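Start from chain U and add chain F with the ligands according to the hints.
In case you want the letters, here they are:
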Amino acid sequence: MSQQTPNWASEARWKKIAIWVTAGSFVLLIFLTFDTLSKTSVGGERVRAYSVINQEIDYRFDAQKNRFMPVIGKEAPLFGKVVTEAEAEQLVTLGKKTVQSKNCMNCHTLLGNGAYYAPDLTKAWLDPNWIDAANRENLMLAFLKDPVGNARANASGRKMPNLGITDEEAHGIVAFLKWMSAIDTNGFPNNFKTINAKEQP
Amino acid sequence: MSAILSNVSGKVTSLFAFTESPHLNGGQKLASKYFTVAMVLFLAQLLFGLLAAIQFIWPNFLFGWLDFSVNRMVHTNAMVVWLLYGFLGSVYWFLEEESGTEIVGLKLGVIGFYVLTIAVTLVVLVYLLIQTGPGKDASIWFINEGREYIEAPRWADIGIVVVILVFFYNVAATFAKGRWSGVSGVLTLDLIALAGLYTAGMFYLTNITADQYWWWWVIHLWVEATWEVLVGCIMAWSLMHLLGARRKIVQTWLYIEVALMFGSGILGLGHHYFWIGTPDYWFSIGGFFSALEPIPLVAMVVHSVYDAGVHKFKATNHPAMAWIIAHTFGNFIGAGVWGFMQTLPQINLYTHGTQWSASHGHIAFFGAYATINIAFFYMAVQKWRGNVWMSGDLPGNGWKWKWSVGLLNFGVLGMTVALLIAGYEQAFIERAMQGSTWDAYFAAQSHPWFREAMVWRTVFGLVTIGGLGLLIWDLMTIGKDESRPSLVLTHEE
Ligand code: HEM
Ligand code: HEM
Ligand SMILES: [Fe+2]
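Going down the list, the protein sequences come from chains U and F. Under our numbering, residues 491 to 691 are what the first sequence spells out, in order. Under our numbering, residues 9 to 501 are what the second sequence spells out, in order.
Simulated from the structure, these hints should not be mistaken for lab results. Keep in mind that this is a model prediction, so the values were computed, not measured. Each hint should be verified, as a subset may be incorrect.
[To be verified] To spell it out: a stretch of chain U is covered by chain F in this simulated footprint if at least three of its residues, at any positions, have a beta carbon under 8 Å from a beta carbon of chain F; those stretches are:
1) 496 to 510
2) 562 to 575
3) 579 to 588
4) 592 to 602
5) 623 to 634
6) 664 to 675
Backbone N, C-alpha and C fix where the C-beta goes; we use that ideal spot for every residue, glycine too.
The shape of chain U in the complex, shown without the other chains:
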């Protein structure tokens, strides 16, 4: 192999290309990151204010966008009490910290990320399994505090273990789940029939 290396295959040229491509991609990513973070801050169109837990939330097919979208409805305070934005944030924060401390993500997925041993929690608040809107809050609280005793039977035989979740923490988790169900996830999951769809077909 004695012939000269052609110019396009030279080490120096590829070194330059590598540097420019990397730098260019990274700069673009930074730019997109600023844009995305500003569009997903709490209180915007995509990620709602924490006080959205004061309202009715649904998830329906939007004919114009041709995908499923969260729908924020009339007032429907969580646990029967209207909360301020600060109180709501405190409650959702307690829920999020409990979700992390109890390691929910190593059985469940949240927004589709996590483990695959138990159902996705993205729209858990809207799941028809909670029977109807009147029963839902109490069923959820009871289940979280004692998942073995209040197991919702399923054919796989899997059960959620008792994680020592307190009453206060359970309230936080329910608030977190309600808030999360209002996030605009670009139509994921698709074709999800909510608890409300079951009530008013």
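Just chain F with the ligands now, kept in the frame of chain U:
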């Protein structure tokens, strides 16, 4: 008290006394320590994976004692840590040869190793014995952060960063004192990015969309950008070492790979931003750039096969060469093909967060990263034994290494196919037909096709563990009674 302490530390260091081989330089002795712990964690990874797999079949198994969440977390965390141990070790291994000088802060490096290993032990003990805490910051700081792959509590995150800084200092300062090369330049810059990215996962956010946005910076920009380039550097060095490949060719390839890998992988990050609340322009950006990610992986296959062919497969270390080939194909199939299969948003809407992801996760991590580490362990053992013969004509025709290559690859491939079948079933029944409710989820999980797939995954898991047992045995015995010196390559500089 101090007597007890020095007694204990004496016992611990004597565990690693065998790394004090006269055939190794300082960095290589330190690397051998890293490799030893890596193998122990590899075994732990598979055993906990097996427990989790059994729980899919018999959900009552260890219920309330070692729940699925605990086993799975130990499984994936042991994997991340042993792969990182292998990488740190590999870099320490070739640092002195590549820089032409002694490691600047070797003592500090050794202390770093012990500190890291003690921290890892403590974290695992807390995972197993304490498991979960109340919904307070203290739990996130001292028990478990609850975010997949980077569950390590915050105190450990900080410890990891400090040890990585020591490692980084050793790498950069040693090259600066000795000499720089193309490989070492790429390696050093890549390590800055790798360590910097870890800090993107080190803060708490209630906004789960922003939380997962940064979480993916660590996970994706590690495995699909900085880790790929790191193993590119390790590969470059290995090919020169194993085959006598020319530095100029290897380094040109390395630059090509960096350009293609970073050029596709950095913005390919967008394939995780389809459904977490982020804007829908990520559909096009993530879909387009991640679809290009297989290209550098094809380039790597071409590169290694070409190099091996040019050198007529005359290698100084046959088991290592076999694992290098397994690495290039595994990387291409696991990351390139299995990743590509689910990377377009039109497909990902239905496969996101199903057993498809688990199928891809297994073949990608094994194919791309476990393989190259195993190749390096063989190179290390060869030198540790006194640079003995490790090409063809090994005692017993090298049956142990050949069977362990076969069993490990066949086992992981079998698990991958079983999980893919489960993933198809789940995507169709739970997602496409029944709309992803709890009932839909359990309908899919209880379907006979799913159940059978879980049994096959466990069977192939046992095959994998058999392969690992053989690998450990082989690494402990290969070259033991060997008197022939290693094959000498005719270098064509
Ligand atoms: C060696 C490199 C790679 C490794 C180790 C790897 C590993 C993984 C793992 C473990 C996950 C699951 C993450 C979770 O737990 O949620 C994942 C997800 C994913 N990977 Fe990779 N991957 C690699 C390369 C690639 C490439 C090159 C592509 C595309 C061409 C790709 C496409 C994807 C996609 C689309 C997902 C998301 C799956 C979902 O929506 O659930 N990966 N990867
Ligand atoms: C004895 C062999 C193994 C068994 C039985 C096993 C079992 C499992 C199980 C049950 C899970 C949880 C999946 C879920 O949430 O549904 C898992 C996850 C995972 N395992 Fe393994 N595993 C084995 C070997 C490996 C190997 C060799 C690797 C890579 C080197 C690996 C990497 C992973 C990864 C990355 C995940 C997370 C996947 C995701 O989140 O998408 N495992 N494994
Ligand atoms: Fe990715």
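To see whether the hints hold, each was checked on the structure:
Residues of the segment 496 to 510 of chain U with a Cβ under 8 Å from some Cβ of chain F number 7, which satisfies the need for three, so the listed coverage holds. Coverage of the segment 562 to 575 of chain U by chain F is violated [criterion: at least 3 residues with CB-CB distance below 8 Å; count 0]. Note: the segment 579 to 588 of chain U has 8 residues with beta-carbon separation from chain F under 8 Å; the three-residue rule is met and the coverage holds. As drawn, the segment 592 to 602 of chain U meets chain F at 10 residues by the rule of a beta-carbon pair under 8 Å; at three or more, the given contact holds.
Here the segment 623 to 634 of chain U counts 0 residues with a CB under 8 Å from a CB of chain F, which misses the bar of 3, and the coverage is violated. Given as covered by chain F, the segment 664 to 675 of chain U passes the check, having 4 residues with a CB less than 8 Å from a CB of that chain where 3 are the minimum.
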